[in-house]
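Go ahead and model the full structure; you've got the sequences and the hints to work with.
In case you want the letters, here they are:
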Amino acid sequence: MSDLTLQQQEAQDAIDSYLQSQEQKELVRFITCGSVDDGKSTLIGRLLYDSKTIFEDQMDTLESDSKKVGTQGGAIDFALLVDGLAAEREQGITIDVAYRFFASEKRKFIVADTPGHEQYTRNMATGASTADIAIILIDARKGVLSQTRRHSLIASMLGIRHVIVAVNKMDLIDFDQNGFNAIEADYRKFAERLDFKTIQCIPLSALDGDNMITASERTSWYDGPSIMQALDDTDITEDRTADSFRMPVQWVNRPNLDFRGFAGTIVSGAVTPGTDVIAIPSGMRSTVDRIVVHGGDLNVASTDQAVTITLKDEIDISRGDVICAADDPVDSSDQFGVHMVWMDRNALLPGRQYYAKTQNKTVSATVTDIKHKIDINTGEHQAGKTLELNEIGVCNISFDQRIAFAPYKDNRGLGSFILIDRHTNNTVGVGLLDFSLRRASNIVWQDLKVDKSARARQKHQKPAVLWFTGLSGSGKSTVANLVEQKLHDLGRHTAILDGDNVRHGLNRDLGFTDADRVENIRRVAEASKLMVEAGLLTLVSFISPFRDERELARQLVADDEFIEIFINTPLEVCEQRDPKGLYKKARAGEIKNFTGIDSAYEAPENPELEVDTGSLSAEDAATQIVAYLDQLGYLNAD
Amino acid sequence: MTSSVGATAPSQLSMTHLDRLEAESIHIIREVAAEASNPVMLYSVGKDSAVMLHLAMKAFYPSPPPFPLMHVDTTWKFREMISFRDEMAEKVGMDLIVHINQEGVDQGVGPFTHGSALHTEIMKTQALKQALDKYQFDAAFGGARRDEEKSRAKERVFSFRTPQHRWDPKNQRPELWNIYNTRINKGESIRVFPLSNWTELDIWQYIYRENIPIVPLYLAAERPVVTRDGQLIMVDDDRVPMEPGETPEMRMIRFRTLGCYPLTGAVESNASTLAEIIQEMLVSRTSERQGRVIDKDASASMEQKKQEGYF
Numbered sequence: 234m235s236d237l238t239l240q241q242q243e244a245q246d247a248i249d250s251y252l253q254s255q256e257q258k259e260l261v262r263f264i265t266c267g268s269v270d271d272g273k274s275t276l277i278g279r280l281l282y283d284s285k286t287i288f289e290d291q292m293d294t295l296e297s298d299s300k301k302v303g304t305q306g307g308a309i310d311f312a313l314l315v316d317g318l319a320a321e322r323e324q325g326i327t328i329d330v331a332y333r334f335f336a337s338e339k340r341k342f343i344v345a346d347t348p349g350h351e352q353y354t355r356n357m358a359t360g361a362s363t364a365d366i367a368i369i370l371i372d373a374r375k376g377v378l379s380q381t382r383r384h385s386l387i388a389s390m391l392g393i394r395h396v397i398v399a400v401n402k403m404d405l406i407d408f409d410q411n412g413f414n415a416i417e418a419d420y421r422k423f424a425e426r427l428d429f430k431t432i433q434c435i436p437l438s439a440l441d442g443d444n445m446i447t448a449s450e451r452t453s454w455y456d457g458p459s460i461m462q463a464l465d466d467t468d469i470t471e472d473r474t475a476d477s478f479r480m481p482v483q484w485v486n487r488p489n490l491d492f493r494g495f496a497g498t499i500v501s502g503a504v505t506p507g508t509d510v511i512a513i514p515s516g517m518r519s520t521v522d523r524i525v526v527h528g529g530d531l532n533v534a535s536t537d538q539a540v541t542i543t544l545k546d547e548i549d550i551s552r553g554d555v556i557c558a559a560d561d562p563v564d565s566s567d568q569f570g571v572h573m574v575w576m577d578r579n580a581l582l583p584g585r586q587y588y589a590k591t592q593n594k595t596v597s598a599t600v601t602d603i604k605h606k607i608d609i610n611t612g613e614h615q616a617g618k619t620l621e622l623n624e625i626g627v628c629n630i631s632f633d634q635r636i637a638f639a640p641y642k643d644n645r646g647l648g649s650f651i652l653i654d655r656h657t658n659n660t661v662g663v664g665l666l667d668f669s670l671r672r673a674s675n676i677v678w679q680d681l682k683v684d685k686s687a688r689a690r691q692k693h694q695k696p697a698v699l700w701f702t703g704l705s706g707s708g709k710s711t712v713a714n715l716v717e718q719k720l721h722d723l724g725r726h727t728a729i730l731d732g733d734n735v736r737h738g739l740n741r742d743l744g745f746t747d748a749d750r751v752e753n754i755r756r757v758a759e760a761s762k763l764m765v766e767a768g769l770l771t772l773v774s775f776i777s778p779f780r781d782e783r784e785l786a787r788q789l790v791a792d793d794e795f796i797e798i799f800i801n802t803p804l805e806v807c808e809q810r811d812p813k814g815l816y817k818k819a820r821a822g823e824i825k826n827f828t829g830i831d832s833a834y835e836a837p838e839n840p841e842l843e844v845d846t847g848s849l850s851a852e853d854a855a856t857q858i859v860a861y862l863d864q865l866g867y868l869n870a871d
Numbered sequence: 436m437t438s439s440v441g442a443t444a445p446s447q448l449s450m451t452h453l454d455r456l457e458a459e460s461i462h463i464i465r466e467v468a469a470e471a472s473n474p475v476m477l478y479s480v481g482k483d484s485a486v487m488l489h490l491a492m493k494a495f496y497p498s499p500p501p502f503p504l505m506h507v508d509t510t511w512k513f514r515e516m517i518s519f520r521d522e523m524a525e526k527v528g529m530d531l532i533v534h535i536n537q538e539g540v541d542q543g544v545g546p547f548t549h550g551s552a553l554h555t556e557i558m559k560t561q562a563l564k565q566a567l568d569k570y571q572f573d574a575a576f577g578g579a580r581r582d583e584e585k586s587r588a589k590e591r592v593f594s595f596r597t598p599q600h601r602w603d604p605k606n607q608r609p610e611l612w613n614i615y616n617t618r619i620n621k622g623e624s625i626r627v628f629p630l631s632n633w634t635e636l637d638i639w640q641y642i643y644r645e646n647i648p649i650v651p652l653y654l655a656a657e658r659p660v661v662t663r664d665g666q667l668i669m670v671d672d673d674r675v676p677m678e679p680g681e682t683p684e685m686r687m688i689r690f691r692t693l694g695c696y697p698l699t700g701a702v703e704s705n706a707s708t709l710a711e712i713i714q715e716m717l718v719s720r721t722s723e724r725q726g727r728v729i730d731k732d733a734s735a736s737m738e739q740k741k742q743e744g745y746f
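Protein sequence lines, in the order shown, are assigned to chains A and B. Using this note's numbering, the letters of the first sequence correspond one by one to residues 234 to 871. Using this note's numbering, the letters of the second sequence correspond one by one to residues 436 to 746.
Think of the hints as simulated: they come from the structure by calculation, not from any bench. Since the model is a prediction, treat every value here as computed from it, not as a measurement. Backbone N, C-alpha and C define an ideal beta-carbon position, used for all residues, glycine too. Possibly wrong hints are sitting among the right ones.
Unchecked claim - Computed beta-carbon distance windows for the label pairs:
(1) S379(A) / Q599(B): 34 to 44 Å
(2) E835(A) / R601(B): 39 to 49 Å
(3) I517(B) / R523(A): 31 to 41 Å
(4) A469(B) / H614(A): 32 to 42 Å
Said to hold, decoys possible - Pairs of lysine-lysine, PhoX-like flavour, derived with a Cα cap of 25 Å:
(5) K825(A) / K813(A)
(6) K375(A) / K422(A)
(7) K493(B) / K258(A)
(8) K493(B) / K545(A)
(9) K604(A) / K618(A)
(10) K569(B) / K621(B)
This is the structure we're talking about:
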């Protein structure tokens with residue numbers, strides 16, 4: 234490039250050497266957490282300001298905003314640099330996770346600014362999930378608070394190994410050494426039972442800049458690092474996964490018949506052409522042929538690189554598989570002990586079906602048991618049947634397929650999943666896999682010689698669940714009883730499950746909270762499935778107010794074995810009938826969680842049959858239902 | 436646990452900052468290809484789009500990216516952008532969809548006659564919604580970065596939109612690790628921002644390192660300009676209304692950001708090579724969005740525009 238001017242050549246050289254120096258920089262992610270008004274936003278604003286990440290026009294806006302809405306009496310309010318959304322600027326608190334970027338001479342940083350407000354714990358977990366370091370702010374006047382403990386617990390649980398405890402607002406206690414020492418001792422004692430590798434306590438005034446970048450003269454008694462020095466010098470080398478080679482297959486690359494590549498991001502270890510590998514859970518074995526990237530093949534690839542691998546054998550591996558070192562593969566399972574953090578306003582209900590998404594696979598998931606909740610302020614265990622927003626619990630979870638996994642503490646990438654609500658599609662919870670509940674691969678169903686169809690043949694009928702749903706007093710049981718009577722008269726084999734025979738026996742330990750209602754229906758659904766296995770026409774008569782649980786019952790049996798019958802009687806009519814006097818009691822507040830009054834009823838969207846008891850007598854309804862069964866061949870199968 | 440590969444494996448810390456950003460973006464782009472049923476990459480022709488397109492080429496190599504490019508043309512883009520766009524689409528071999536809000540054209544909507552806010556609303560925001568509805572895309576890549584503006588700093592990488600294309604900043608899905616929730620109901624969509632964690636400096640360093648082609652408007656040259664509201668506006672065609680007796684002035688300028696030419700302020704600069712741009716950036720004291728007239732209305736204006744469906 235001979236046509237470059239001298240000036241351009243100088244720029245070229247300067248940039249080349251600059252870019253080379255950039256090559257030496259590490260990328261480090263950290264989170265800041267603390268209680269409301271501890272000064273998080275001010276601390277980040279300071280780091281941005283002092284690392285010269287703020288440009289002139291932003292500075293102009295900052296100055297005018299500081300005068301308009303600032304909390305520093307017209308002086309620069311650094312918090313305004315990072316409090317982004319209009320609503321929170323008015324309230325003066327941070328309400329969501331914001332990401333910020335700055336660089337020092339040694340490192341480039343991505344900061345997750347996470348809120349301290351009590352109801353936003355979920356955002357802190359979000360920020361912590363990718364962080365290497367946590368800065369935990371403590372107000373020097375207040376010391377270690379329950380929120381400090383909560384943030385530390387979440388940071389530790391999500392795998393952060395280094396904390397910087399910033400004892401802020403030291404100017405307000407006159408930089409008192411004893412005050413600082415007391416807080417440090419307090420914190421270290423509490424943190425003993427957490428999983429931190431290093432803890433660095435720093436006396437700070439974020440507002441005035443003391444110990445932010447350089448040592449402050451006002452804390453001459455302190456000889457430790459400043460915030461910036463601590464961020465620069467904390468050694469995170471060993472924290473990043475040191476596990477063997479694992480790469481979840483994200484996308485299969487097939488441009489033509491001659492090329493089959495498996496694209497993914499390596500979550501741990503390293504791979505070279507010639508490495509023997511096994512895909513989990515499919516169990517296929519082969520040897521790495523090439524590591525393909527744009528611009529030429531690689532001789533070696535390791536953790537966090539996004540690559541495309543080809544194998545020596547033509548084997549069928551798909552998204553969801555994890556390609557592992559053959560001599561040290563991961564396990565697979567479908568039942569796990571997990572830590573869950575709940576993130577949705579609707580509580581976690583055991584027995585309800587959710588989607589679980591791991592790095593590269595989506596499965597159906599059900600929490601089968603909440604072992605205990607963890608009090609995030611004290612770390613103590615508490616009993617609980619549900620998990621509410623921002624609660625943490627230790628649970629058992631069951632997936633409908635095996636997945637490749639590693640415990641979260643060994644491998645963040647293969648030990649994590651999110652839970653998704655099946656209707657709203659919201660991310661409602663996150664899970665950290667602790668261990669497999671069993672060697673799932675060893676479980677083999679007993680070979681049953683007399684099967685469902687054999688039993689049904691013997692009875693000359695096609696078994697099914699007739700699921701009657703509707704409000705209390707709608708006439709479900711009346712119609713169901715009439716249907717059973719008619720079927721019996723026709724010589725068919727039936728069974729009936731209703732509140733009277735189930736609530737007093739199988740489910741007598743359950744009440745009427747949402748969680749108990751879900752469990753109630755789950756057990757009824759499982760019982761009805763067994764009866765269908767036995768070849769019976771099984772009549773189930775339950776209010777069953779939630780769509781999800783009815784859907785669960787439907788999925789337990791074959792497609793043509795579930796007939797949902799919606800007894801559609803308006804609430805006013807049911808309340809007028811009030812055969813058991815329950816509505817009266819509910820209205821008087823004597824019964825809580827009564828469906829239709831203070832608990833929701835979700836009407837079926839596509840029931841097989843709908844009965845309007847306003848225009849049809851119970852007798853006629855039963856006749857129609859039996860005719861329907863007859864037409865579709867349930868009553869004469871040979 | 437010991438690794439099955441010997442000591443030849445390099446420490447992963449040998450990955451530079453740019454390597455890590457690149458790998459993260461490729462992961463995001465592949466995830467959309469694997470999970471969305473009808474994705475599209477919004478291509479604005481600017482430097483961020485250039486990087487995003489380059490990353491897509493890398494993500495699927497040796498296959499071409501399995502989605503089309505789409506450009507929402509307001510009919511007021513710099514002429515050099517349009518010719519560059521067509522060359523690039525040709526070069527990478529991807530389908531290019533160009534969408535123009537024809538109603539807006541018929542009504543003669545433009546920034547000089549209708550003002551920047553209305554022009555942007557009709558020719559950009561409305562046009563984008565029209566195009567997304569027309570082709571029923573369920574995922575659309577955008578080149579936005581979190582360091583550009585305060586409301587972007589809080590947006591998820593996978594950002595959910597209602598069937599009306601609205602963004603609800605208070606009701607965003609939690610986003611942990613690199614596990615992205617891509618589930619939507621019919622009519623809903625997701626905007627995906629693979630460059631979320633890149634800064635302006637990262638973008639330029641990467642363009643430099645990877646030798647990525649960019650529109651020459653980013654490099655300083657003598658160009659005809661007039662001054663409007665304190666901004667240097669390039670006279671790209673004869674649609675710029677002139678004051679009586681006014682003539683465009685030739686000045687050495689370049690652009691830090693590209694959009695509709697009447698809404699894009701130039702900076703005076705002598706940086707005519709990439710290296711000089713990066714060098715200028717290192718001493719720059721003015722952030723890039725300053726060149727965008729649209730952001731000046733009010734400091735929370737971007738958040739409002741985004742809620743209404745602006746990218």
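Now the hints, each set against the structure:
1. S379(A) / Q599(B): 34 to 44 Å: Roughly 41 Å apart at Cβ, these two residues keep to the hinted range, so it holds.
2. E835(A) / R601(B): 39 to 49 Å: 26 Å, violated
3. I517(B) / R523(A): 31 to 41 Å: For I517(B) and R523(A) the Cβ distance comes to about 40 Å; the hint holds.
4. A469(B) / H614(A): 32 to 42 Å: Given about 39 Å between the Cβ atoms, the range holds.
5. K825(A) / K813(A): Given that 25 Å is the threshold and the Cα spacing comes to 16 Å, the pair holds.
6. K375(A) / K422(A): With a Cα-Cα distance of about 17 Å, the restraint between K375(A) and K422(A) holds, given a limit of 25 Å.
7. K493(B) / K258(A): Holds: K493(B) and K258(A) sit about 23 Å apart, inside 25 Å.
8. K493(B) / K545(A): Satisfied, since the Cα-Cα distance of roughly 23 Å is no more than 25 Å.
9. K604(A) / K618(A): 9 Å, holds
10. K569(B) / K621(B): Holds - the C-alpha atoms of K621(B) and K569(B) are around 14 Å apart, at most 25 Å.
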